Structures are given as C-alpha cells and as structure tokens.
Amino acid sequence: AQSVSQHNHHVILSEAASLELGCNYSYGGTVNLFWYVQYPGQHLQLLLKYFSGDPLVKGIKGFEAEFIKSKFSFNLRKPSVQWSDTAEYFCAVTPNQAGTALIFGKGTTLSVSS
Amino acid sequence: NAGVTQTPKFQVLKTGQSMTLQCAQDMNHNSMYWYRQDPGMGLRLIYYSASEGTTDKGEVPNGYNVSRLNKREFSLRLESAAPSQTSVYFCASSLGQGNTGELFFGEGSRLTVL
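So the sequence lines, in the order shown, correspond to chains A and B. Here our numbering is used: the first residue of the first sequence is 1, the next is one more, and so on. Here our numbering is used: the first residue of the second sequence is 115, the next is one more, and so on.
Honestly, the hints are just simulated from the structure, not real lab data. Please read these numbers as outputs of a predicted model, since none were measured by experiment. You may find that some hints are simply not true.
[To be verified] FRET-style restraints, in silico, Cβ to Cβ:
no.: 1; chain 1: A; residue 1: Phe-51; chain 2: B; residue 2: Ser-132; range: 32 to 42 Å
no.: 2; chain 1: B; residue 1: Gly-210; chain 2: A; residue 2: Glu-20; range: 25 to 35 Å
no.: 3; chain 1: B; residue 1: Asp-170; chain 2: A; residue 2: Gly-22; range: 26 to 36 Å
Even glycine gets a Cβ: it sits at the ideal position worked out from N, Cα and C.
Just chain A, with the same shape it has in the complex (with noise of 0.2 Å):
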C-alpha cells in the first residue's frame, strides 16, 4: 500500500521567508500528487495537483511543487511567506489508476509572524 511522508511537523518562519515543505511517498508505480491547506477552522482545500507533464507545477497563491520522480517526492516551495500563510499543509497521493483514493501525509503546521 502506499505511503506518504512529511518530514517536518511544524514550522516557523518569519514573513517573507522562503518555504520549502519536504513529501516523499512510497509506490512503485505512477502516481498523482496533490497538497492541500487547511486554514485554522476551515475544510482542506487544493493548492495544487501533479498528474503527468512538466514536473513544476503551480498553484494557488504563490505556492509551487516539484515532482522528482527519482527521489519519490513532491516538496512545496513558496519564494516569499505571508501572515496569511498559516497553516496545516497535507501532501496527498494516488495510484494512477480507476477505483482509488487519496492517502495523505500527517501534515505540516507552518506558523509564519509578522
């Protein structure tokens, strides 16, 4: 079954920090990747998906992912944190293939002050 790994549990910058979220995940075949955020007192929301193509994808509000298939990872990257940035960040993944679900990490508080 897969698997999927944040390595950090919480952090802490300050504004205009740069970010970067480590996702590695487990799974042998073709997979798509997801984050999401969860806003403090809010539902999860897509920041962005992977599914085949250029390995840099963009999403919502600044935020970036890499997929390095050699590596089994999809980090997150952000140039430059907001406030408004704190959150929960879950990466997620499936199987490429009809009939699955996605399987999320544990998931990465980020608290950024101003």
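Since chain A is already given, all that's left is putting chain B on it; use the hints.
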C-alpha cells in the same frame, strides 16, 4: 451552491451508543469519501465509494460502516462508539474516480465519545 454538506457538525456520544453521520453533495460527483482527522495523524481514509453502488475500505475501517444511498449521499455509521473514535470527520467528493482530481471537503463533524 452548497457543495458538500455534513450533519451533524457536533455530537457527543457515550461509549456503546450508535450514530450516523450524513453527507450529501450537490455537484453531481461520482466519488465520495470519509476521512477522520486526528492531531498528529493527518487525515486517514475510513471508507470510500468510487462510484454509486460501490464502497471500499480505506486505511482505518474498523468500527465503521458506510452506505452510498444514491449518487448524492454517503453516510458513515458507528454501531457501537468507542472513545478511540473521538475525532473530526470529513466527508469529501470528487468528480472523477478518486485519483483523477480535486477533492471537495465538507466543513467537518466533530465527534466526542465519552
């Protein structure tokens, strides 16, 4: 446009009681899911329904049952609640069969089992 609606939003049960969490989506999505969210554990898939008429176990199905009543509705039942089932439960739906795209989440149902 309601999206994904879950009821109830809050519930307190005693050990051994039963209850059903209701979920409905109005986006004509094919797939529906139940996740639970616990601190430090991320989101874990309980059950999912890739299409009307089918249901499959996820990572943590023990103690739960589901019913895909029709294309719109997917309920989660706890037959005999246990304190370990204290959690926030999220229902989600997607247009494609799980792996193909964005999940839309409900607001969550906070369940406490005493």
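Right, here's what the structure says about each hint:
{"no.": "1", "hint": "A/Phe-51 with B/Ser-132: 32 to 42 Å", "verdict": "holds (40 Å)"}
{"no.": "2", "hint": "B/Gly-210 with A/Glu-20: 25 to 35 Å", "verdict": "holds (30 Å)"}
{"no.": "3", "hint": "B/Asp-170 with A/Gly-22: 26 to 36 Å", "verdict": "holds (30 Å)"}
In summary, the structure agrees with every hint in the numbered list given earlier.
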